[in-house]
Amino acid sequence: MSEKERTSIDDKVFKTNFEQGVREVRAKKHLGQHFLIDEDISQRIAETLQKDNYSSVLEIGPGMGVLTKYLLGKYNQFVAMDLDRESIAFLNSSFKKEHHIEGDSKALTVIEADFLKVDLSNYFRDTQFAIIGNFPYNISTQIVFKTLEYKEQIPEFSGMFQKEVAQRICASEGSKTYGILSVLVQAFYKAEYLFTVPPEAFDPPPKIHSGVLRLQRKENYELPCEEKKLRDVVKTAFQQRRKTLRNSLKKFNLSPELREDPIFTKRPEQLSVEQFIDLTLKISQDAI
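Just so we're aligned: 53 in UniProt numbering is position 53 of the sequence shown, and the numbers increase by one with no gaps anywhere.
You may find that some hints are simply not true.
What the hints assert, rightly or not - Computed list of lysine-lysine pairs in DSS-like fashion (alpha-carbon distance at most 30 Å, straight line):
#1 K235 x K163
#2 K251 x K163
#3 K266 x K229
#4 K163 x K228
#5 K207 x K229
#6 K190 x K69
#7 K176 x K146
#8 K163 x K190
#9 K69 x K163
Derived from the structure by calculation, the hints contain no laboratory data.
Given the sequences, and given the hints that come with them, work out the whole structure.
Pasting the structure below:
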């Protein structure tokens, strides 16, 4: 395959009709872009946000605005953030900066920025806001971990991931897909896998299926243990998931008495989120 042909595949040109006429946005492989073109699925995703204790929403990776248009006018503050300059130019030319509903001003702010690098307090200060999007597969896990950093401000999070990643986030103990991401997310959020999206819903179609999930922050999401310690325990345990906790957690220099606790005969995928929190407490107290 020639370089010209590869470029044609990586940067395929898409056209879509909006009120202002035909605009062009190229799907860029290095950004992991697959533009959602199924209107029914777009509307279903827009309706996944359910809580009402916030008035601000951040959409990550709006692309050509197929999801954006179903979110306009619903929130007092609506921010669409994308790293792709072509998408930013398209959104700015296709949607009005101010969207008026029954006399009330509902602002749409389009921002060119890398979600993983921005300080979200610059946009939302200390207010509560939700996150939604058709997330780029290549950074979706990082998006989740950054969301956890802002969990005090984010009561709800929904959107589309690679199907396997979405299933991993929502997995329960005992499942083969249950792991670090499952425990750390579910320590703070209720995770629900909502529905599967086939490749033909996108252009260009990915080689895999996608999955839409919703995270709703628990009413009492404060941990009785140190969060950093929980992350350390969970990551250490799952790095050797086939071993019992007695063997995988040796680095914590557990006392002989604690090592006799029946929990240490189990493998990490057998522990619920609550048991991991309890285990972290025991390890912390043992170190005193």
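- Message: Can you confirm whether the C-alpha distance between K207 and K229 stays at or below 30 Å?
- Response: Roughly 38 Å separates the two Cα atoms, so the pair is violated.
- Is the hinted pair K163 and K228 satisfied, with a Cα-Cα distance of at most 30 Å? holds (28 Å)
- Query: Within 30 Å, alpha carbon to alpha carbon, are K251 and K163?
  - Reply: violated (34 Å)
- Is the Cα-Cα distance between K190 and K69 30 Å or less? Holds, because 27 Å separates the two Cα atoms, which is no more than 30 Å.
- Query: Under the criterion that the straight-line Cα-Cα distance not exceed 30 Å, is the pair K163, K190 satisfied?
  - Reply: Holds - the C-alpha atoms of K190 and K163 are around 18 Å apart, at most 30 Å.
- Message: With the threshold set at 30 Å, check whether the alpha-carbon distance from K235 to K163 stays at or below it.
- Response: The hint holds at about 22 Å.
- Item | Restraint check for K266 with K229, where alpha carbons must lie at most 30 Å apart | holds (19 Å)
- Item | Satisfaction of hint between K163 and K69, Cα-Cα up to 30 Å | At roughly 24 Å apart (the allowed maximum being 30 Å), K163 and K69 satisfy the hint.
- Task: For the pair supplied as a hint, K176 and K146, confirm whether the alpha-carbon distance does not exceed 30 Å.
- Result: Satisfied, since the Cα-Cα distance of roughly 25 Å is no more than 30 Å.
Figure legend: structure checked against the earlier numbered hints; hints not met, in rising order: 2 and 5.
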